[in-house]
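Engineer: Chains A and B, in that order, are what the protein sequence lines are.
Counting in the working numbering, the first sequence runs from 1 upward without gaps.
Counting in the working numbering, the second sequence runs from 1001 upward without gaps.
Hints in this document: simulated from the structure, not taken from any laboratory.
Note that beta-carbon positions come from the ideal geometry of N, C-alpha and C, so glycine has one too.
Don't take every hint at face value.
In the DSSO-like style, the derived pairs of lysine-lysine whose C-alpha atoms are separated by at most 30 Å in a straight line are [as the list claims (entries may be wrong)]:
#1 A:Lys-75 / B:Lys-1237
#2 B:Lys-1185 / A:Lys-117
#3 A:Lys-61 / B:Lys-1391
#4 B:Lys-1391 / A:Lys-75
#5 A:Lys-79 / B:Lys-1270
#6 B:Lys-1464 / A:Lys-110
#7 B:Lys-1391 / A:Lys-51
#8 B:Lys-1465 / A:Lys-49
Not everything, but these chain B residues come out facing chain A in the computed CB check (under 7 Å) [as the list claims (entries may be wrong)]:
#9 Ser-1298
#10 Ser-1337
#11 Ser-1372
#12 Ala-1374
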Amino acid sequence: MESLAAQIIPTDDTPGAREAGAVYFIDRALTTFDRQQQDVYTQGLGNLKAKTQEVFPGATKFSGLSSDQQIQVLKAIEKTPFFAQIRTHTITGFLANPEYGGNRNEIGWKLIGFEGKFHHEPPFGYYDGEGNPAATTRKG
Amino acid sequence: MAKFNPNTQVDFVVVGSGISGGIMAKELSAAGLDVVVLEQGDYLYDRDFRYDQLKRTSHSSLLSEDANPVTFRQTDKEKAVLSSAFHYGRCVGGGTVHYSGSSWRHHESDFHERSLLGSIAGTGFDDWPVTYEELEPFYTKVEWEIGYSGLGGVSPFESFRSKPYPLPPMPNKSSGVLMERAAKKLGFHPVPVPVAMLSQAYRGRSACIHCGFCSGFGCQVGAKSSSLVAVIPAIEKNSHCELRPNSYVREISVDKSGRVTGAVYFDANKKEIFQKAKAVIVSANGLGSPRLLLMSKSSLFPDGLANSNGVVGKYFIPGCGASVHGIFEHPLNEYKSVTTTRAIEDFYNADLKRGFYGGGRIDARGNTPPISFALGALSPGTPRWGSEYKKALHEEFNRTLTMQGFLTCLPLESNNITLDPEVKDAWGLPAMRVTYKDHPNDMKNKQFFTDRMLELMDAAGPIKKWASLVREERAMGHTMGGCRMGNDPKTSVVDRFHRAHDVPNLFVVDGSSFVTSARNHPTCTISALAYRAADYIVRASKNGSIKVPSA
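Let the sequences and hints guide you as you build the complete structure.
Structural biologist: Shown next as structure tokens:
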């Protein structure tokens, strides 16, 4: 499941779903507020294994594939309810408050440029701060 | 706060504690009248609200969607299906707890557009039985009593005001600066958005800390001027008023003479209680008020209370919208502070020369919280996962500007609230069924505004821009109409002071009273109508003109 989440928000020059611990968020969701989604996962993971073996005969598990191969398998299942659900969970976990277990060290928030301090002073952005040295500078 | 026995005949039962119910209860109890407020939702406080998008989206405690199912269909030929798209605030303070706080007065012309433009065939387009001039003192009262921030006298389109806003406008955001840039380039007139939000400390309440979690969230610092923080505390202190949360009204009862005698409600344990009252005020919003009247059937009112003419539930107006979006070179950081700080009213008035009726207000914004943004607000063509998706998240979250049109929505008899014949809520009561389809003029107006907003967006200088698809409304939080006010008892539910034409001691005071949509944003006008109705009802109570049932 972790390798699947890691394909939805991959690790490249910045950390992704793996480093953010999105999978811990999913575990927690499936045992608490999204308990009713457990069946979708059980069935979906079974189908993922089958699809993996169908596309790459001889492969035993999805996580054993190369990244390109994983993408190929996911493209074959991206229209399924299971994929829609794990996508929603991965993204939600990646950007939810860190206390839910999936946005470790605010990795998700850092990627999108969201400061998790919940109180701000003007200038808020570049355009309302133009001409003001305290203005936010261009991001990355 | 008072504590009344249900068998004690209080002066008023008020159904709902949103901005209208809150104002009614506060004003009536301040005049020494005994009031019981029945609120179906929980009593939450500042400390219960958290900067937690997941909590909001996964286990919402502010909205009606879980407890009160709504079904939707476009026409009465269809079978309505469950929809989470129509909802209302379901907690002490109602919708003002979670709304964005943008809160505009209507313009003078909104109250007599039919006289200005003529009738529109096949619609309920009509003048209001109230004028702006009559309502103006109450608008001022709203801004000062509830706590608004804004700047009057800037817009050449604004109607007259007797007093400035009590607080200066919120600091401008990058969206607002870009709106100003674009508007000035095109010769339009940007206006600071008035908000029911404190730009500075006011009457013992603290100022906004620009956390950015307004729309959809309760305010943690009490800077949002909701009914919960700006009205309810006065009720708490008043010995003539009792607020009962978790009290879900299922029926307004009537006696043989056709006067209401009180309200039957379920308490938190689903136990049925009857609260006796001399008069009842329904402030359960554009969805809830018509539904409650329709559920209150009796031999005198077999089709629902105050519905002898069959108008209850009809002319429901959810408000219309359109939007365009752009990505900019530098960060706007729209996730900070209030939803929107600048708007233009240059297309506010309808101009029949365009070939259709319609008008609206355009504001600039971009305040979509991280999770909802990442799940569905990226630019068109962005892959839904993978490295390109991640790149877009990084580039677009804080660089996206949206121009949002708040547009006219014609009142139609065929757009209505009825009781669903099959779906029931958690108490076994019929779910409300929304039937709504846009009038062709509304669709033309959405296209017109989309085109104007694309021009405006262009003038702001984005890297790329796109428009949301112009489509028929299937969701809206601004529920208006349904118990429309009017002078003619044959075509309206309540009179110009919100008294039911059919029932001398029943009042309906909230967004359901609206005759037309104006330009959407209903809260300021709902609040002003409530102050005006309260002023009238206090006088009527004192001079005995509210005919009460025998005790």
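Engineer: Please go over all the hints and tell whether each is borne out by the structure.
Structural biologist: So, going through the hints one by one against the coordinates:
no.: 1; hint: A:Lys-75 / B:Lys-1237; result: violated, 62 Å
no.: 2; hint: B:Lys-1185 / A:Lys-117; result: violated, 36 Å
no.: 3; hint: A:Lys-61 / B:Lys-1391; result: holds, 28 Å
no.: 4; hint: B:Lys-1391 / A:Lys-75; result: holds, 19 Å
no.: 5; hint: A:Lys-79 / B:Lys-1270; result: violated, 43 Å
no.: 6; hint: B:Lys-1464 / A:Lys-110; result: holds, 24 Å
no.: 7; hint: B:Lys-1391 / A:Lys-51; result: holds, 28 Å
no.: 8; hint: B:Lys-1465 / A:Lys-49; result: violated, 41 Å
no.: 9; hint: Ser-1298; result: violated, 41 Å
no.: 10; hint: Ser-1337; result: holds, 6 Å
no.: 11; hint: Ser-1372; result: violated, 9 Å
no.: 12; hint: Ala-1374; result: holds, 5 Å
In summary, the structure is inconsistent with hints 1, 2, 5, 8, 9, 11 from the numbered list given earlier, while agreeing with the others.
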